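Participant: Per our numbering, the very first residue in the sequence shown carries number 24; after that it's consecutive.
Just so you know, the hints here were simulated from the structure itself, not pulled from any lab data.
Any given hint could turn out to be false.
What the hints assert, rightly or not - Restricting the straight-line Cα-Cα distance to at most 25 Å, the calculated cross-link-like pairs of lysine to aspartate or glutamate (DMTMM-like) are:
(1) K87 x E110
(2) K314 x E345
(3) K319 x E303
(4) K180 x E202
(5) K92 x D412
(6) K391 x E42
(7) K319 x D147
(8) K319 x D395
(9) K26 x D395
(10) K163 x E227
Owing to the predicted nature of the structure, the values given are computational and were not obtained by experimental measurement.
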Amino acid sequence: MDKSALRELTAQIAPEAAELRRAIHRNPELSGSEFGTARLVHDTLRGWGIAAHYHLDKTAVSAKIVSGKGPTVVLRADTDALPIQEENDVPYASKVPGVMHACGHDMHTAILLGAAKLLNQIKDQWKGTVLCLFQPSEEKEPGGALGLIKAGVFPPKAAAVFGMHSCPEYRHGVIAVKEGEDYAGVMDFEVTVRGRGGHGATPEKTVDPIVCASSIIIQLQTLISRELSSSDPAVLTVGSFHAGTKSNIIPDTAVFAGTVRTYSEELQDRLMTRIRELTESAAAAFGASAKTTFKKSYPSGYNDPALAQKFKAQMRSFLGNESVIDRAHPTMYAEDFARYQQLVPGLYIYLGIAPGNKKRGSDLHTSKFLPDERAINTGIAAHVLFALDILSEP
């Protein structure tokens, strides 16, 4: 497609997409409760003459745009918000106490709506099928992607799947791509340390589970720093610790929980074994016992190199070389988009959303996260160019 024509079309559609984004932002919904958002998406698509269907108890929407015979491309956006109280002073701030779009999913949804409208308008320029997935519950395990796969909504024979995430590291008008491994696989763990409680004045009569658990947490950090090669990236974080009821009572138990992030299932399994061994032996040294449970959630992501290279070439032609960044390192964030990438070749990119006068915007998952809406133009164009790469006639 002629790049000047695409710029003109995205400029025409972006203001409407921005208004849709603001409507979604005003009315955020937590994972599994995206009924209003799905209804807005469904009705908007139907109003544009695009076939749309509900899924997953009407929290998800799919929209299929068909133009003759050809391959299928899946474009995906996530729709859920977070349990955070918004602190932005904007006319379209969240009206729901304690809930806001602090991860940019309102942007993702509005951008995909705009891309769907544009692709529907230029059906004479491509052949095949575009399937737009508006997915709930990205923020809550096991994730909406798994639900759409199990329900048969995601086509396992699609040629490719595409998605993006708002990124405050880059200004609006910039996109970034990491070829190969990107976004980590996640394994959560919980450790229950059992000791023997008693009075805080006589700790010698007890087996203190708080001191024991604290020692275990410190020792767990050595699994990364002293047992793994620097060429095997991994993160181990303990984010929760609960024990006791009163300052002068040593409890019987202490419970802590954490997360392990890797790009390798093999490394995850290795760390699972070592975490269990370390917690049990360290607890025994205190005269206590420890039980560890594990839960694997999102797999690691993988961006198909061929898709990434073609996409970057298209975007450099559209945005300019300086606005397309090759990321050298993968992120340790996690995304259930990786479930789609396990089935078909996929590409998940970073969309710059920081204001042009700042080096970096407010971070994801914070009360003042506020994307620059000028990024909507870039996001729409990225979806359209990715789809046309695969669907355009020779």
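Participant: Broken hints, numbered, in rising order?
Facilitator: 1, 2, 7, 8, 10
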